[in-house]
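Enquirer: No gaps in the numbering here: position 67 of the sequence shown is 60 in my numbering, and each next residue is one more.
Because the hints were derived from the structure by calculation, they are not lab data. Check each hint, because a few of them may be wrong.
[Stated by the list, open to error] Below, a list of computed lysine-lysine pairs in the DSS-like style, where the Cα atoms sit at most 25 Å apart: (1) LYS99 <-> LYS132; (2) LYS127 <-> LYS99; (3) LYS163 <-> LYS40; (4) LYS132 <-> LYS72; (5) LYS100 <-> LYS127; (6) LYS132 <-> LYS100; (7) LYS127 <-> LYS114.
[As the list claims (entries may be wrong)] Label pairs and their computed distance ranges (CB to CB): (8) LYS127 <-> PRO155: 30 to 38 Å; (9) SER55 <-> SER89: 16 to 24 Å; (10) SER94 <-> ASP51: 35 to 43 Å; (11) ASP125 <-> PHE88: 23 to 31 Å; (12) GLU59 <-> ILE95: 35 to 43 Å; (13) SER60 <-> LYS111: 35 to 43 Å.
Just so you know, even glycine gets a beta-carbon here, dropped at the ideal spot from N, CA and C.
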Amino acid sequence: MRRLREKDSLLTGTRLRHYIIIGIVIILGACNRPTVKDLPSGESYGKIIYDTFIVNRDSTDSWGDESLSAFNRKALIDKIFDAVLDGKITPYDYFSGEKVSIGQIKKMEIGGEFSREKISKIQFEERWIWDDQKVEMSKEIISMTIAYEVYNNSGVSRGQKPIFKLIFIK
């Protein structure tokens, strides 16, 4: 009987050690956040900033329609706003670089300064990287700016007005 208790005790101690090790591995895995060394390897060609229209601004442009045919603009815009309004990412003023409060964004949207349906452009700031070993190119999105079109009294476009900028890599 005593040997059985010793065996049970040893088994329990071994199991406990296994559970502790498994717990540590899970915790360490969950805490793993990308660092600079985790970024894609290869030769960076610096930053590039470019605008992408996410709506076809010309109804006669069939290439524009085709280019955007598989793009779900509404779903992306809603995801971005959900992340901002839930406090998961901080929006910044495009011109000043100051943080924009969630209250300010809600006030602009409710007040009619912009509507999500009118958002027509995203400006990306990216780092392009070429990896000689893998013979592939990758891109890191540093930031993105969400904008809507502004019109004059005659209905002619005056350009784009940024709502906010999201910074992903500092």
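Enquirer: Please go over all the hints and tell whether each is borne out by the structure.
Expert: Status of the hints after comparison with the structure:
1. LYS99 <-> LYS132: With a Cα-Cα distance of about 32 Å, the restraint between LYS99 and LYS132 is violated, given a limit of 25 Å.
2. LYS127 <-> LYS99: violated (45 Å)
3. LYS163 <-> LYS40: holds (12 Å)
4. LYS132 <-> LYS72: The hint holds at about 21 Å.
5. LYS100 <-> LYS127: violated (48 Å)
6. LYS132 <-> LYS100: violated (34 Å)
7. LYS127 <-> LYS114: Roughly 33 Å separates the two Cα atoms, so the pair is violated.
8. LYS127 <-> PRO155: 30 to 38 Å: Hint holds: Cβ distance 35 Å, inside 30 to 38 Å.
9. SER55 <-> SER89: 16 to 24 Å: violated (40 Å)
10. SER94 <-> ASP51: 35 to 43 Å: Given a distance of about 36 Å, which is inside 35 to 43 Å, the answer is holds.
11. ASP125 <-> PHE88: 23 to 31 Å: violated (39 Å)
12. GLU59 <-> ILE95: 35 to 43 Å: With a Cβ separation near 37 Å, GLU59 and ILE95 satisfy 35 to 43 Å, so the hint holds.
13. SER60 <-> LYS111: 35 to 43 Å: At roughly 20 Å between Cβ atoms, LYS111 and SER60 fall outside 35 to 43 Å, so the hint is violated.
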